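Position chain B relative to chain A; hints supplied.
So the chains spell out like this:
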Amino acid sequence: MDASRSIFLVGVLLASKSEVVRRILWIFDNVLQYPLHLKWRIFGAFRRSDFLQLCRYMLAKIYSAAVYGVDAYEVEIEVNGAGGDPVIVIVGLPDAAVKESRDRVTTAISNSGYYWPRGRTTINLAPADIKKEGPSFDLPIALGMIAVTEELDSSPFENFSFVGELALDGSIRPVKGVLPIALEARRRGKRALFVPEANALEAAMVDKIDVYGVQDLRQTFAFLCGEIALLPTRADLSKFFAAHQSYDVDFSDVKARATLSAPSR
Amino acid sequence: MIGPPGSGKSMLAKRISTIIPPLTLDEAIETTKIHSIAGLLDTEQSFVATRPFRPPHHTISDIGLLGGGAFPNPGEVSLAHNGVLFLDELPEFKRSALEVMRQPLEDGKVTVSRAAGSVTFPSEFMLVAAMNPCPCGYFGDLKRECRCGPVQVQRYRQRISGPLLDRIDLHIEVPAVEYRDVASERAEETSAAIRRRIAQARKSQQERFRNDGKVNCNARMATRQLKQHCKLGRESQELIRVAMSELNLSARAYDRILKVSRTIADLDQKAEIAPEHVSEAIQYRTFDRTLWV
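The listed protein sequences derive, respectively, from chains A and B. If you count by this note's numbering, then the first sequence holds residues 1 to 265, one letter each, in order. If you count by this note's numbering, then the second sequence holds residues 1 to 293, one letter each, in order.
Treat the hints with care, as some may be off.
Dumping the calculated DSS-like pairs for lysine-lysine here, alpha-carbon to alpha-carbon at most 30 Å [claimed, not checked]:
| no. | chain 1 | residue 1 | chain 2 | residue 2 |
| --- | --- | --- | --- | --- |
| 1 | B | LYS214 | A | LYS255 |
| 2 | B | LYS109 | B | LYS203 |
| 3 | B | LYS270 | B | LYS203 |
| 4 | B | LYS143 | A | LYS239 |
| 5 | B | LYS214 | B | LYS203 |
| 6 | B | LYS214 | A | LYS239 |
These are calculated hints, taken from the structure and not from any lab test. From a predicted model like this one, the values you see are computed outputs, not experimental measurements.
So that you can see chain B by itself, here it is in the shape it has in the complex:
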């Protein structure tokens, strides 16, 4: 999420865990085990029944994020297992800390090797990151002027590496909120309502992966299943071909776009992926090009 200060990026991030389908009992036990090892449970909260939300501060070290220490302890990526890891002010994080997240993001687990032995912690988390468009925060804002020079803006954005960005599926711009919206009494959609829609989509996914063993949602599809379940029409194929050559998308991005468009189609309750689903998935990626000079 990219947007000026105060536009609600953190608020949105905090609420993402409320709309993910609830933990299954097995998932809850897995997550609770990790929290138990880290000593985060007490008499009041003796069991992690909801999806965890972990917002580490940007001064966090590689080891704090990934896990480690002389006697390996779980890091933030593992504490966010089955939940949301929220990195606010993404460019402020240490470069090395961001780069070590690549492996856990891909594999859903992290292996820490130390003198005491090598230990594998699970880390299937959803990465949510927020940042300002530039150091002053108002680049591209309609009301306020940005005070940053182009070099400053470029340097700020270059702190996030291409490989990490390539692993982020949805790039969303969060513009500043207007006064009439803040003050309005209009009822916004509740988490419960959103969760119902998502549960509906998840149900059709479970139906699809009935015979695929461990896979239970689109994000965990392997390449073979991708071929099987994400068949595209001629028009959609052309769309992706143009997008890949115009935007210089990677092969991973191609796979990810397919998965995202499959999910959008599921939310739309369509059995086939239509061109509009593909184009929506592609436009969630365009920050790669338009903003990253």
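For reference, chain A alone in the conformation it holds in the complex:
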């Protein structure tokens, strides 16, 4: 057991931070999630943090928005990956649904074939003095976590805004309040807004901003990496408005009620 451990450590140190080693590290790290007796058999007294110390510390910034009253406000989501014990902390007055997103997001990331930071991960929802509600931060949090583990520079994302609830398999569920969010994103001068596919038409009513309806986490991330192309959803508001002016009911259905309107005449 001692021999395999030292060989491994030497290998890690020699190759430093090459891509290959990082991948290998992840494989070992995943093995660490095995049940306890298996883990000890393979690695002896190896601690998870031994690996994580080798990873670079990372900070990712992703933008989202949330509804307050009838209007939305921008929320900046900072994800920081650091060494230490594997805990995920969400700060910035989250309610129960936001806190639960920790479990949804990690599962969705794993099931989409990505990795999440395995050290102390701090997620900050700024502004920190307004209560955050609902599951709509799942998508931006997940993207931030992937960006941290993949050591991606998140600065190109600052022109984008993301909202969406994640399912455990990584698909994206519809959320509430997409129209005010789209209006806020446009006001903030964002170039594009990523919303759940079911909400795309609703958000697309806002012009001067590209609205992308996304199906799942993998698709979103692949698009952000430039691996696939997506078409923004377009809706012509005035045309749509003109086409939907009719009602299902009509006053001519009501019999003998003409006298009610003006009894005195």
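Just chain B, lined up with the frame of chain A:
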């Protein structure tokens, strides 16, 4: 609207939104925002292009009607913004639920204060309510006998408070429909035709409020504009004076009567308010007295 069961009160209410002039784009966006926050939109209906019609059930809570919750959500009065809020079986609603509607009815907005902060939702809606004249439903009906005692009838009606009634401009009696009317093939006036007449009246109102900024229809006139635009002749003034003292109408009722008579005159395409317009407006208020013992 007050009338026996099956006389078409709900049918009429459902069709009121079809004759109000169509939403402007800005109004539609405002209403859609509220529906978006409440999560009522889907891929099929991604935009509220027509005036909303909200018929909440009478078991609704104060918060459901007004908006609220730990994290403030819009209530029915806000979902009906720019549209119609229909309260069927008005006396069955909880007293407190009806009373909380007073502020949004007056101000066109509702402010909800919670731990998470205070939030203002718009609520410019048209309130339409329907009820039976008594618990059994046939009080005053020509064909069927009412089975309720006078105390029962009185108690039923007392569930609606004076202040709320004072805010309702038009009280209409909807009598039961005769067989020959139900079966008749006579073509009734269509919504489109009615809407044209209303659009005509609305146009003259917009002309009138050209310089008044936000005001765009008679209902939103402030007291100052009321003085300016609703000048009455001597005869009409006398009519209102008598009505106010005989019917014990409030100052608000006075303002409302002026606005209603201005609207009736507009529908008649008259520039001046004539006595017959005032008397029509007053008789829409008489339920205050004749039925509310």
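CA of LYS143(B) to CA of LYS239(A), is that 30 Å or under? Not OK: LYS143(B) and LYS239(A) at ~52 Å, beyond 30 Å, violated.
If you draw a straight line from the CA of LYS214(B) to the CA of LYS239(A), is it 30 Å or shorter? holds (26 Å)
With the threshold set at 30 Å, check whether the alpha-carbon distance from LYS109(B) to LYS203(B) stays at or below it. holds (25 Å)
If you draw a straight line from the CA of LYS270(B) to the CA of LYS203(B), is it 30 Å or shorter? Within the cut-off at roughly 13 Å; holds.
Does LYS214(B) pair with LYS255(A) here, judged by a C-alpha cut-off of 30 Å? violated (38 Å)
Given the proposed pairing of LYS214(B) with LYS203(B), does the C-alpha separation stay at or below 30 Å? Holds, because 15 Å separates the two Cα atoms, which is no more than 30 Å.
Hints 1 and 4, counting from the list given before, are not met by this structure.
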